[in-house]
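Colleague: Sequence:
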Amino acid sequence: MTLKSSLEKLNEQIKDLSSLHVQTFTGKVTFTGTGNFTDIETAVQQAVSSQTVKLVAESLYKFDGDSYNFLTNDEGGIPASAMELHKSAIEGGIKTRQALAELVKGAFD
0 MTLKSSLEKL NEQIKDLSSL HVQTFTGKVT FTGTGNFTDI ETAVQQAVSS QTVKLVAESL
60 YKFDGDSYNF LTNDEGGIPA SAMELHKSAI EGGIKTRQAL AELVKGAFD
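Sequential numbering from 0 applies to the sequence shown in numbering that gives the first Met the number 0.
Any given hint could turn out to be false.
[Stated by the list, open to error] In silico lysine-lysine, DSSO-like type, Cα no more than 30 angstroms apart, as pairs:
1. LYS8 to LYS61
2. LYS94 to LYS104
3. LYS86 to LYS104
4. LYS53 to LYS104
[Claimed, not checked] Okay, the calculated beta carbon distance ranges per label pair:
5. PRO78 to THR37: 22 to 32 angstroms
6. LEU99 to ILE39: 19 to 29 angstroms
7. ASN35 to ASP108: 31 to 41 angstroms
8. ASP73 to LEU102: 24 to 34 angstroms
9. GLU83 to VAL43: 14 to 24 angstroms
10. ASN72 to VAL47: 17 to 27 angstroms
11. THR1 to PRO78: 40 to 50 angstroms
12. LYS27 to SER5: 39 to 49 angstroms
13. SER4 to GLU74: 16 to 26 angstroms
14. GLY91 to PHE30: 21 to 31 angstroms
15. LYS61 to LYS104: 12 to 22 angstroms
16. HIS20 to THR51: 17 to 27 angstroms
17. PHE107 to LEU54: 14 to 24 angstroms
18. ILE39 to ALA79: 34 to 44 angstroms
These aren't lab readings, by the way, just hints derived from the structure by calculation. For glycine and all other residues, C-beta sits at the position ideal for the given N, C-alpha and C.
Sequences are here, hints too, so could you generate the full structure?
Modeller: Here it is as structure tokens:
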């Protein structure tokens, strides 16, 4: 199996590993519940819908190297803490995907 066909097969079978999508919002989110991932995700989506949060940075990196990045152009730009959080989330996502890709690669060896 060639490297190209192996990468194509990996891309087809593992969709969650094929891209990294990071969105960073500022604003206020309120929620009830235990604070688990699902509760927080739902609260953020509701805040987006009700416009109590604002998207200030977004990055999408695809498996094939395609990407896009968005940064707000509002006066004052992105708060430093939000930018640091965004960069950390990207770095963490990349490291996680690299580790998972190595695990999957081991299954093909």
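Colleague: Compare the structure with each hint and give your call.
Modeller: Hints versus structure:
{"no.": "1", "hint": "LYS8 to LYS61", "verdict": "holds (15 angstroms)"}
{"no.": "2", "hint": "LYS94 to LYS104", "verdict": "holds (15 angstroms)"}
{"no.": "3", "hint": "LYS86 to LYS104", "verdict": "holds (27 angstroms)"}
{"no.": "4", "hint": "LYS53 to LYS104", "verdict": "violated (38 angstroms)"}
{"no.": "5", "hint": "PRO78 to THR37: 22 to 32 angstroms", "verdict": "holds (27 angstroms)"}
{"no.": "6", "hint": "LEU99 to ILE39: 19 to 29 angstroms", "verdict": "holds (22 angstroms)"}
{"no.": "7", "hint": "ASN35 to ASP108: 31 to 41 angstroms", "verdict": "holds (36 angstroms)"}
{"no.": "8", "hint": "ASP73 to LEU102: 24 to 34 angstroms", "verdict": "violated (41 angstroms)"}
{"no.": "9", "hint": "GLU83 to VAL43: 14 to 24 angstroms", "verdict": "holds (19 angstroms)"}
{"no.": "10", "hint": "ASN72 to VAL47: 17 to 27 angstroms", "verdict": "holds (19 angstroms)"}
{"no.": "11", "hint": "THR1 to PRO78: 40 to 50 angstroms", "verdict": "holds (47 angstroms)"}
{"no.": "12", "hint": "LYS27 to SER5: 39 to 49 angstroms", "verdict": "holds (46 angstroms)"}
{"no.": "13", "hint": "SER4 to GLU74: 16 to 26 angstroms", "verdict": "violated (50 angstroms)"}
{"no.": "14", "hint": "GLY91 to PHE30: 21 to 31 angstroms", "verdict": "holds (22 angstroms)"}
{"no.": "15", "hint": "LYS61 to LYS104: 12 to 22 angstroms", "verdict": "holds (18 angstroms)"}
{"no.": "16", "hint": "HIS20 to THR51: 17 to 27 angstroms", "verdict": "holds (22 angstroms)"}
{"no.": "17", "hint": "PHE107 to LEU54: 14 to 24 angstroms", "verdict": "violated (38 angstroms)"}
{"no.": "18", "hint": "ILE39 to ALA79: 34 to 44 angstroms", "verdict": "violated (23 angstroms)"}
Checked against the numbered hints above, the structure breaks hints 4, 8, 13, 17 and 18 and satisfies the rest.
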